[in-house]
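Student: All chains, full assembly: derive it from the sequences and hints.
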Amino acid sequence: MARYDRAITVFSPDGHLFQVEYALNAVNKGTTAIGIRGKNSIVLGIEKKSAMKLQDPRTVRKIVQLDDSICLAFAGLVADARVLINKARIECQTYRLTLDEEPSVEYITRWIAQRQQKYTQSGGVRPYGISTLIVGFDTDGEPRLFQTDPSGIYSEWFANCIGRNSKPVKEFFTKNYPGLRKEEKTEGEEESEEELVDFELTEEATIKLAVKALMEVVESPKNIEIAVVKKGSLRFLEVDEIETLVDAFEAEQKEKEDNKQ
Amino acid sequence: MDSLIGITGKDFVIFVADTAQARSILKMKGDEDKIMVVDDSKMFAMAGDTGDRTTFCEYVKRNLKLYEIRSGLTLSTHAAAHWTRRALADALRQGPYETNLLFGGWDSEAGASLYYLDYLGSMHKMPFAIQGYASNFVLSIFDRYYKEDLTIPEGLDLAKLCIAELNKRFLLAQPNWAIKVIKKGDDGKASLEVIVPAKQ
Numbered sequence: 001m002a003r004y005d006r007a008i009t010v011f012s013p014d015g016h017l018f019q020v021e022y023a024l025n026a027v028n029k030g031t032t033a034i035g036i037r038g039k040n041s042i043v044l045g046i047e048k049k050s051a052m053k054l055q056d057p058r059t060v061r062k063i064v065q066l067d068d069s070i071c072l073a074f075a076g077l078v079a080d081a082r083v084l085i086n087k088a089r090i091e092c093q094t095y096r097l098t099l100d101e102e103p104s105v106e107y108i109t110r111w112i113a114q115r116q117q118k119y120t121q122s123g124g125v126r127p128y129g130i131s132t133l134i135v136g137f138d139t140d141g142e143p144r145l146f147q148t149d150p151s152g153i154y155s156e157w158f159a160n161c162i163g164r165n166s167k168p169v170k171e172f173f174t175k176n177y178p179g180l181r182k183e184e185k186t187e188g189e190e191e192s193e194e195e196l197v198d199f200e201l202t203e204e205a206t207i208k209l210a211v212k213a214l215m216e217v218v219e220s221p222k223n224i225e226i227a228v229v230k231k232g233s234l235r236f237l238e239v240d241e242i243e244t245l246v247d248a249f250e251a252e253q254k255e256k257e258d259n260k261q
Numbered sequence: 262m263d264s265l266i267g268i269t270g271k272d273f274v275i276f277v278a279d280t281a282q283a284r285s286i287l288k289m290k291g292d293e294d295k296i297m298v299v300d301d302s303k304m305f306a307m308a309g310d311t312g313d314r315t316t317f318c319e320y321v322k323r324n325l326k327l328y329e330i331r332s333g334l335t336l337s338t339h340a341a342a343h344w345t346r347r348a349l350a351d352a353l354r355q356g357p358y359e360t361n362l363l364f365g366g367w368d369s370e371a372g373a374s375l376y377y378l379d380y381l382g383s384m385h386k387m388p389f390a391i392q393g394y395a396s397n398f399v400l401s402i403f404d405r406y407y408k409e410d411l412t413i414p415e416g417l418d419l420a421k422l423c424i425a426e427l428n429k430r431f432l433l434a435q436p437n438w439a440i441k442v443i444k445k446g447d448d449g450k451a452s453l454e455v456i457v458p459a460k461q
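Just so you know, the sequences run in chain order C and A.
Anchor point for the first sequence: position 130 equals 130 in our numbering, and the numbering is continuous, going up by one each time.
Anchor point for the second sequence: position 103 equals 364 in our numbering, and the numbering is continuous, going up by one each time.
Keep in mind the hints are simulated off the structure, nothing from the lab.
All C-beta atoms in this analysis are idealised placements derived from N, C-alpha and C, irrespective of residue type, glycine included.
Please note that a few of the clues may not be correct.
What the hints assert, rightly or not - Below, in silico cross-link-like pairs of lysine-lysine (DSS-like), each with a Cα-Cα straight-line distance of 27 Å or less:
1. A:386 to A:445
2. A:445 to C:231
3. A:445 to C:230
4. C:87 to A:326
To be verified - Sample of chain A residues at the chain C side, in silico, Cβ under 7 Å:
5. 319
6. 327
7. 330
Stated by the list, open to error - So the derived label-pair ranges between C-beta atoms look like this:
8. A:339 to C:56: 26 to 32 Å
9. A:430 to C:98: 39 to 45 Å
10. C:98 to A:418: 37 to 43 Å
11. A:383 to C:51: 47 to 53 Å
12. A:460 to C:118: 41 to 47 Å
13. C:168 to A:340: 44 to 50 Å
Tutor: This is the structure we're talking about:
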């Protein structure tokens, strides 16, 4: 077997790793994925491309389960994601086999990030063209949300967005994630004592926030898929549930505009 | 020597296992749980030295779980039993796992099923099965009293008969027995119940 020892990801004279940056470009071409951390649940949302008539939409899943209480959404090259997800699932079970306990969300995130980094520093390979949002519950019951990217960085977030149009959605989150606002609260979804971060988001409020965020960047409710992650379960919302939420939200908006006039 | 008994009936599988962990003539532990639950719908009763039996069954359990997470489907008892047999058979001519097993479960296609596996990789689907010396005493009880479509209380009565016989006539019989049952729950899915825990 030929030896693959020529590196593909190498430094440029001014310190850039162009392959990694190009991988990030690939991610930014992928469909949007968001994650929001609530008090007892985490909501993942993705932009669904309009289904081609001949395609079975159920086979295009961008929100997947890695372990009993850990799920993942990604943006970028779908095939790269498939490979990484498969390896991550094996790692979850290997961890359980060796240690007889469930891996923490951070452990799996770190593992995935390590793997992504390895592929920026090995011969003959290119980086994975995906960023991931990894969510789940640790044994203490705390919900966690992490993000990784092709460079191998990982960090924890209260709410985040990856893929195309991530910038406006991130701005939406900075304005609308409750507890981060320094001005007065808006719709009074939860009573907030103004701490820096408020984890009082109920499951319902988190879902609403996710739908609102995605509606900023998609055309219609049919292009949204939402999944609610609670300890030990992953539930996808039905299309009509999402449509009801969007209708309610649009009615609210209209009322607000009418009141302003 | 481990005594393991498996009984199937209408939509349930009962496993009865002794709880002794022995080294030669010394009983090291009297509350060992030899019935390993894979998930709500499948379980193993394992015989043999602790090393091989837990290593092997944990390995199978994790691989079955991996399969289910990857595919999003719960494996049927039939498929899981065959996977287990394959693992035993593949290891036979390299480094055999010295463990004899009973594998049982409930799924919606086959209902309750029970498989007898041994360390050489043989596998038989049976309505009732026994591992260990207990088979010498208990098979005849089953021949006399077992019938198809038992209810859970009837199955437990049969288990009690077996335990009574062993306690009376088997030299190495144990006072403690652990009992678990996997059955079709009210919601139509499989559910697990611990009737008698190993630790008492």
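Student: Against each hint, give a clear statement of whether it holds in the structure.
Tutor: Going through the hints against the structure:
no.: 1; hint: A:386 to A:445; verdict: holds, 19 Å
no.: 2; hint: A:445 to C:231; verdict: holds, 24 Å
no.: 3; hint: A:445 to C:230; verdict: holds, 25 Å
no.: 4; hint: C:87 to A:326; verdict: holds, 14 Å
no.: 5; hint: 319; verdict: holds, 6 Å
no.: 6; hint: 327; verdict: holds, 4 Å
no.: 7; hint: 330; verdict: holds, 5 Å
no.: 8; hint: A:339 to C:56: 26 to 32 Å; verdict: holds, 27 Å
no.: 9; hint: A:430 to C:98: 39 to 45 Å; verdict: holds, 43 Å
no.: 10; hint: C:98 to A:418: 37 to 43 Å; verdict: holds, 42 Å
no.: 11; hint: A:383 to C:51: 47 to 53 Å; verdict: holds, 49 Å
no.: 12; hint: A:460 to C:118: 41 to 47 Å; verdict: holds, 44 Å
no.: 13; hint: C:168 to A:340: 44 to 50 Å; verdict: holds, 47 Å
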